[in-house]
Each structure stands twice: as structure tokens, then as C-alpha cells.
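Mind docking chain B on chain A? Use the hints.
Chain order of the listed sequences is A and B. Using UniProt numbering, read the first sequence as starting at 1 and increasing by one per residue. Using UniProt numbering, read the second sequence as starting at 1 and increasing by one per residue.
Just so you know, these hints were derived from the structure itself, not from any lab.
Simulated coverage check for chain A against chain B, where a stretch passes if three residues somewhere in it have a Cβ under 8 Å from a Cβ of chain B:
1) 32-46
2) 171-180
If you want the ones that stay clear, here's a sample from chain B, every Cβ over 10 Å from chain A, calculated:
3) 99
4) 102
5) 104
6) 144
7) 238
Since we're looking at a predicted model, the values are computed, not measured. Where is the CB? At the ideal position from N, CA and C, for every residue including glycine.
Number of protein chains: 2
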Amino acid sequence: MQGIRVGALPLVGVLGGMGPAATADFHRKLVAATPARRDQDHVPLLIHSIPQIPDRAASILDGADSPAPALVCIARSLEAAGAELLVMPCNTAHFWYDELRQAVGVPVLHIADPVIEALVQGGSFSRVGLLGTRATVAAGLYAKRAAQGPARARGIEWLQPSQAEQHEGVDPGIEAVKAGQLGRAEWLLREAAERLVDQGVDAIVLACTEIPLVLQHAAVPVLDATQLLAEATVRWALQPARLATVT
Amino acid sequence: MQGIRVGALPLVGVLGGMGPAATADFHRKLVAATPARRDQDHVPLLIHSIPQIPDRAASILDGADSPAPALVCIARSLEAAGAELLVMPCNTAHFWYDELRQAVGVPVLHIADPVIEALVQGGSFSRVGLLGTRATVAAGLYAKRAAQGPARARGIEWLQPSQAEQHEGVDPGIEAVKAGQLGRAEWLLREAAERLVDQGVDAIVLACTEIPLVLQHAAVPVLDATQLLAEATVRWALQPARLATVT
Chain A
1 MQGIRVGALP LVGVLGGMGP AATADFHRKL VAATPARRDQ DHVPLLIHSI
51 PQIPDRAASI LDGADSPAPA LVCIARSLEA AGAELLVMPC NTAHFWYDEL
101 RQAVGVPVLH IADPVIEALV QGGSFSRVGL LGTRATVAAG LYAKRAAQGP
151 ARARGIEWLQ PSQAEQHEGV DPGIEAVKAG QLGRAEWLLR EAAERLVDQG
201 VDAIVLACTE IPLVLQHAAV PVLDATQLLA EATVRWALQP ARLATVT
Chain B
1 MQGIRVGALP LVGVLGGMGP AATADFHRKL VAATPARRDQ DHVPLLIHSI
51 PQIPDRAASI LDGADSPAPA LVCIARSLEA AGAELLVMPC NTAHFWYDEL
101 RQAVGVPVLH IADPVIEALV QGGSFSRVGL LGTRATVAAG LYAKRAAQGP
151 ARARGIEWLQ PSQAEQHEGV DPGIEAVKAG QLGRAEWLLR EAAERLVDQG
201 VDAIVLACTE IPLVLQHAAV PVLDATQLLA EATVRWALQP ARLATVT
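Here chain A stands alone, though its shape is the one from the complex:
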């Protein structure tokens, strides 16, 4: 931020509001993931939580107004305010990741990267289930990003709920989180996770940042993309050679 010295730590810009509760969840997880003894040890953040950004899924699936101009505008304003890294705690919005990266001169951490890294480091995961919006699943967000990664990432088979399960379970579950109907959301998403386990997955990725607000566990290991993005953001901010590690 112009005129304010924020010490040795870089300012991190957050493109948020997609949705608002997910952004607050990311905020809390980032603070909790920071090794700090006092306020001044924490990562300085600029969070733009603008829930009026055009609906991402409606744009991808139905050709409604694109959120890209708003996302680019927010990203540039965060950069102009001094942000040295941008993050976006919304999986579906990563459909426009390349446009965002090209619009700014600072790195943008891709939400799928720390998830794929954790799966590769975990070693034994080969059939991975995805719980995300219909748009995230249809866009192949994780598979495409993994295809650019190391051999072990390219070998992951990505499984998704059946079309009926997606329409009647996952999407209404995510909408219920946004509407504050957490009991209903938990029930719908837990059912969807159990159907993925029935398909023989050996891990489940919570690939929509609304989901970990109501679902944290299943019969197989669960990877929370919000938590992993928060941890990756803190690692980036605290390590001196950070500019070399994010492309």
C-alpha cells in the first residue's frame, strides 16, 4: 500500500466474495496457518470481497455475462495498491486464471497447484474424486492443471459425481451453503462424498471453497483446497526467495 511500510513481509491481495463465507473461511485459515507470536509477524492482506461479481457458473455453462472484466479490474487495483501476490479462494473463477495472469505483473497462485502438490507428495493417490461446482468439473480445472505438472500428477485419474448426483446433490449443496442453510448443505454434500467413495476413489478434493464450511471428513482422505491455498500463501509470503518459486 502506498505510503505504508509493511516491513519485510509482502502484501498479499485476495480476490474474494465468491462466495463471501468462503472468503472469510480462507481469511481465518490463512491467519491460523501463520507462525506468529504477535500481530506484526502476520502477512499483510488486502481482501476485496465483492460478491456482486457476475456469477461464474452461469457464465461458463449458460453464456451469461463474464466475470472476467470485474476480476481483471479487482486484480489490477490490488496490484496498484501494492500487492505482490494474488490469490483467489474460488475454484470456479480459475476458469479465467490465464486472463488474470496476463492482466497483472505479479504472480497469481493457482488454487489447484497446492492440491496437486499434496496429492503427489501423498504418493499413493491415483483415483481422486472431485467435489466442486458443475462448472469447475465441466471445465476440467484440476485435470488440465495436473496435465501441466510432473509425471505423477499427470497419472492421476479424476473422478466426478454422476450427472444426477451433481445436479441433485452437489450443486444444491453449494447453493445451500451460500443461502446459510448449513444443515441441508451438509447432508447433501456428505451424500455426494459417499457416492464418490462408492466409486472407489482413494481421496476427495473439496474443489469448491463453500464445501469445507460444512464437510471436512469422509471415509477416505479429504483435501481442502481452501486450507491448502492458505498454507501455500503463507509459505510464499514467509520465504525470502519467493519470487523464484511461483510462475
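Coordinates of chain B only, in the frame set by chain A:
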């Protein structure tokens, strides 16, 4: 925010980072306090969480560097980005409230106001205990603000922990929250609350935004300044005649 239409809802600017976990707690409480069925119903927020702002208590008590220039700079940058209301989820920083208000052309919601309003509406509260930093208590933040309020607010007697309890209980408890030592913090602050109850208070105000992270209840009604500020912010943002109500 310039260039982004955020619909009918005003943009709210948050001066945060004092401390970081308290800002995240305010963020969560504000989202949860919003009556919304979908993302677009939520209040757009710009949150500047800058934990490197000079220490507020050290400035008030020991004459260390003032945080006022940084606070004014952040407030002006939030206003320049389009914020129509500013809030600051940190009690101690309200020591510089008048400077902030004069530095910007938009209203700044004072954190003590919704607390005093709740006490007045509650009706039967006359001996109110304050749990806050030594600096907040020494500055008489709540008593001074109540003195500007209606007669019933002026009649409140404000009680505080003994000097020993403040030094050995409350201040180390707040520091322990900032250091992530939540078990120790809860123990220290619960003891301090019990000593206030022993003094015969009929309500306790959590007058430091770190405290509700570990303490929510006592043997008398507890008023959480973070929660009340979040609710007041949402009320302001959602009501059309808002400009008439905040001075």
C-alpha cells in the same frame, strides 16, 4: 471500487490487522449476520489487514510511535477505493477515532456505539464490567463515548479489573490470543471475567476484539463488541436511509 458496479449495496471499508485473527473473526461475523440467499445479496467489503501498524497500546501507554499516520493513510485509501462507510474491529485503535473521522469524508462507525446502544436497550444494566487492553481501559474509551449518549447511557457505571488483574490476567490473555496460545488465553480471560462478576457487575463487555476468540460466556450477560459492530455494519449497509443515521 472504481470501475466495478457493486449494485445497490454500499462498499464497506475495514481497517484491520489489529489483530489479524480479530479481523478474520469480524469478517466471519459480518457475513453470518447478513440475511442473504446468494452471493450477490452480501455486503461488498474492502478489508485492509495490515498487522504492521504501530502498536496501539505502546503508543498510548509508553509514548511509542503513533499508529495515527498509518490509520489515516489506510482510511483515505479505502475511501479513495469507493468505501462509503469505515469500520475498525479494534477497540484500542479508537483512541484515534476523532483524527480518523476528520481525515475522511465518509462516516466511521465507532465500535462502542452499538455496545452502548445494546446496553441501553437491555434496560437493566447499570454496573458494566470492561475486559479490554490496559490502554482501552486507561483511555476511558467506553465511558467517554457513553457520556455523549442518551441519559441512560450516561448513567452506566463502568467497572474494570484491578491493576494486578489487568497486568497479570487480561493483558497476558490478549497477548496469548495474538500468539495463538488459545488454551492459556481462555484460562486467563475466564479468571478475569470471574473477578469482574465478583465485583457485582451485571454485564461484561468484551472490549478487545481478541477476547471473543476464546471467551463467549460468563455468569452475567456478555456483550461481544465484534459481533455488535458486525451487526451494526450490516444494518447500516442494508438500510436505504443509512446516511442519516451515522454521524
